[in-house]
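According to my numbering, the sequence shown is numbered sequentially starting from 678.
Bear in mind the hints are in silico, worked out from the structure with no lab data behind them. Remember, predicted model here, so these are calculated numbers, not experimental data. Glycine included, each C-beta is placed from N, C-alpha and C at the ideal position. Any given hint could turn out to be false.
[As the list claims (entries may be wrong)] Computed spacing ranges between beta-carbons, pair by pair: (1) Thr757 - Asp777: 31 to 39 Å; (2) Thr761 - Thr733: 32 to 40 Å; (3) Asp696 - Thr733: 32 to 40 Å; (4) Leu802 - Ala759: 36 to 44 Å; (5) Ala720 - Leu762: 16 to 24 Å; (6) Leu802 - Gln725: 27 to 35 Å; (7) Arg745 - Gly823: 30 to 38 Å; (8) Asp777 - Arg755: 28 to 36 Å; (9) Val697 - Thr764: 34 to 42 Å; (10) Ile709 - Ala744: 29 to 37 Å; (11) Ala801 - Glu705: 15 to 23 Å.
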Amino acid sequence: MQFALDRAFLLKLIAGRPDVGALMSLCEENFILLRRLAPELNAYPAGQRLSRRPGTVDLALEVEEQARYTTLVHLTHRFTDAETLETHSDPDARLRVYHDARQVEVLELRQSMLPLRTRYAHPALTDKWRANLFLSKWLMFCLRQGHGFAPDPSPVDGRRSLVDGASPVCLAQPS
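Working from the sequences, and respecting the hints, build out all of it.
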């Protein structure tokens, strides 16, 4: 199974000391994982897509900007508080995807699981390493849960529900 290879790759990365070459390899691995979630990301129009799977938290992908060689995306899990009905995003990341270089750069990362710096501005190598390692694990987790974003979803009401056992569904909200 492909995830076994991903796990072996991560174990090798975790064991080593971060250097620029290893960081580039990790950014390339993140590109591959993100492309599994969103196969034709470079062709997606601006707007938001929502992946819903029974028994999991919704995963939202927003294409903020599409350029010839890059895509700027916002990726987050959306939790809804049962009492207040307020939405909470965690983890919450802005990513720049370099299609020509096959790399993903973490621009912003907010999450409460691991002790990363709260402000991710001008990070040093170790901070970039931690953020990209977190992203890699998160993307693998999303794939294991069956999340995905169809290349050409039809716009639907974001309140649509799914029946247990249904296939991954991508709900698009036009911008």
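For each hint, the structure was consulted:
| no. | hint | verdict |
| --- | --- | --- |
| 1 | Thr757 - Asp777: 31 to 39 Å | holds (38 Å) |
| 2 | Thr761 - Thr733: 32 to 40 Å | violated (21 Å) |
| 3 | Asp696 - Thr733: 32 to 40 Å | holds (35 Å) |
| 4 | Leu802 - Ala759: 36 to 44 Å | holds (41 Å) |
| 5 | Ala720 - Leu762: 16 to 24 Å | violated (35 Å) |
| 6 | Leu802 - Gln725: 27 to 35 Å | holds (32 Å) |
| 7 | Arg745 - Gly823: 30 to 38 Å | holds (32 Å) |
| 8 | Asp777 - Arg755: 28 to 36 Å | holds (31 Å) |
| 9 | Val697 - Thr764: 34 to 42 Å | holds (37 Å) |
| 10 | Ile709 - Ala744: 29 to 37 Å | violated (21 Å) |
| 11 | Ala801 - Glu705: 15 to 23 Å | holds (20 Å) |
Consistency with the previously given hints fails for numbers 2, 5, 10, ordered from lowest to highest.
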